[in-house]
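Chemist: Taking this note's numbering as reference, the numbering of the sequence shown is continuous, increasing by one, and the terminal residue is 138.
Worth flagging that the hints you see were computed from the coordinates, not collected in a lab. None of the values given here were measured: they were computed from a predicted structure. Beta carbons are placed, not taken as given, at the ideal position from N, Cα and C, and that holds for glycine. Please note that a few of the clues may not be correct.
[Claimed, not checked] Label pairs and their in silico Cβ distance ranges: (1) 110 to 61: 32 to 40 Å; (2) 52 to 137: 31 to 39 Å; (3) 126 to 88: 31 to 39 Å; (4) 100 to 137: 14 to 22 Å; (5) 138 to 70: 16 to 24 Å; (6) 104 to 58: 32 to 40 Å; (7) 60 to 104: 28 to 36 Å; (8) 100 to 61: 28 to 36 Å.
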Amino acid sequence: MNIILAIVAAFIIAIGIFGVRRSNPPTSSSIPAPTSSPAPAKSVSSNYSDWTYPNSSVVSSGQELVLNSSDSPDAVTGWYRGKINSSGYNIRNSVKTSANDVVKNVFSAVGNGIKVSVEITRNPGDSATKIEVELSSL
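Sequences and hints are given; from them, build the entire structure.
Modeler: Structure representation (structure tokens):
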């Protein structure tokens, strides 16, 4: 008799457990679906004014900014290095060459999701230092 009572009790408990599981449907968490369009790229062309050497004139602007300055290549290079450091950028590549009165300083830096590439050149007989600045999104 005790065995029959134990079997009936186990049967009732089993029905209760399965009944509770069926009455509580599984819940789904609300996870936002990914967007199908990518985030717009940062516009870096509008930032060229921040990278214009103070004692220079604009030769052209578009995909890159081209400037001329009567200042020495060392003065221009020093200003751009200071600008990069004060803006929180990190210099990644830097090459400074001077041979046969030809000066060419090239460096690039990254920060704030932007890569800045600067090329400073002066050839013998030139009256101006040429500055080329290119900004690109990372």
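Chemist: Please check whether residue 138 and residue 70 have a Cβ separation lying inside 16 to 24 Å.
Modeler: 34 Å, violated
Chemist: Is it true that residue 100 and residue 61 lie within 28 to 36 Å of each other by Cβ?
Modeler: With a Cβ separation near 31 Å, residue 100 and residue 61 satisfy 28 to 36 Å, so the hint holds.
Chemist: Is the gap between the beta carbons of residue 110 and residue 61 within 32 to 40 Å?
Modeler: 21 Å, violated
Chemist: Mind checking the hinted window 28 to 36 Å against the Cβ distance between residue 60 and residue 104?
Modeler: 19 Å, violated
Chemist: If I claimed the Cβ atoms of residue 100 and residue 137 lie 14 to 22 Å apart, would that claim hold in this structure?
Modeler: For residue 137 against residue 100, whose Cβ atoms are near 37 Å apart, the range 14 to 22 Å is violated.
Chemist: Is it true that residue 52 and residue 137 lie within 31 to 39 Å of each other by Cβ?
Modeler: Violated, at about 19 Å.
Chemist: When you take the CB atoms of residue 126 and residue 88, is the distance between them in 31 to 39 Å?
Modeler: 33 Å, holds
Chemist: Honestly, do residue 104 and residue 58 meet the 32 to 40 Å range at C-beta?
Modeler: 21 Å, violated
When the structure is compared with the earlier hints, violations turn up for hints 1, 2, 4, 5, 6, 7 and for no others.
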